[in-house]
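Novice: Sequence:
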Amino acid sequence: MNQKYSNVLALELALYEIHDAGYDPIQKIIDFWEKHDLISIQRTIDLLLKNHTDINYMNEIYVVSHKQVFTADLFRLLVAYFMAHTNPIQIDNIDIYDADTSQVSLQEITMTKRIHDLFDRIAE
1 MNQKYSNVLA LELALYEIHD AGYDPIQKII DFWEKHDLIS IQRTIDLLLK
51 NHTDINYMNE IYVVSHKQVF TADLFRLLVA YFMAHTNPIQ IDNIDIYDAD
101 TSQVSLQEIT MTKRIHDLFD RIAE
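Each residue of the sequence shown is one higher than the one before, starting from 1 at the first, in the working numbering.
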């Protein structure tokens, strides 16, 4: 298959898989948050949005693969949230607290809260 169409196919499959027997949007949500933390999500989105002048870097297979996998994972997450919100599915019981990625994300949130509070005090 042509490389430029593989990403499109991955996004299409993410939308079609909701019709598979046993599709579980809650598990898709858990899978995403166990795989990605907030810092890696932020960095990958930054990579996707940057207009790199170094074409060699942007064409490296690991960069292209990472962008494609992340984009498919993110779309799969959005579809899962959509399915959970448009069907009678409870998402209150999603437990990702013990995941390593959750711990990294919680540490990042704690650090940004301290920085926010510091600037809040300076502004007063």
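Since the hints were derived computationally from the structure, they do not count as laboratory data. As the structure is a computational prediction, the values presented were derived from the model and not from experiment. Treat the hints with care, since some could be wrong.
Claimed, not checked - List of simulated lysine to any residue pairs, SDA-like, C-alpha gap at most 25 angstroms:
#: 1; residue 1: LYS35; residue 2: VAL63
#: 2; residue 1: LYS35; residue 2: ALA123
#: 3; residue 1: LYS67; residue 2: SER105
Novice: What are the numbers of the hints that this structure violates, sorted from low to high?
Specialist: 2
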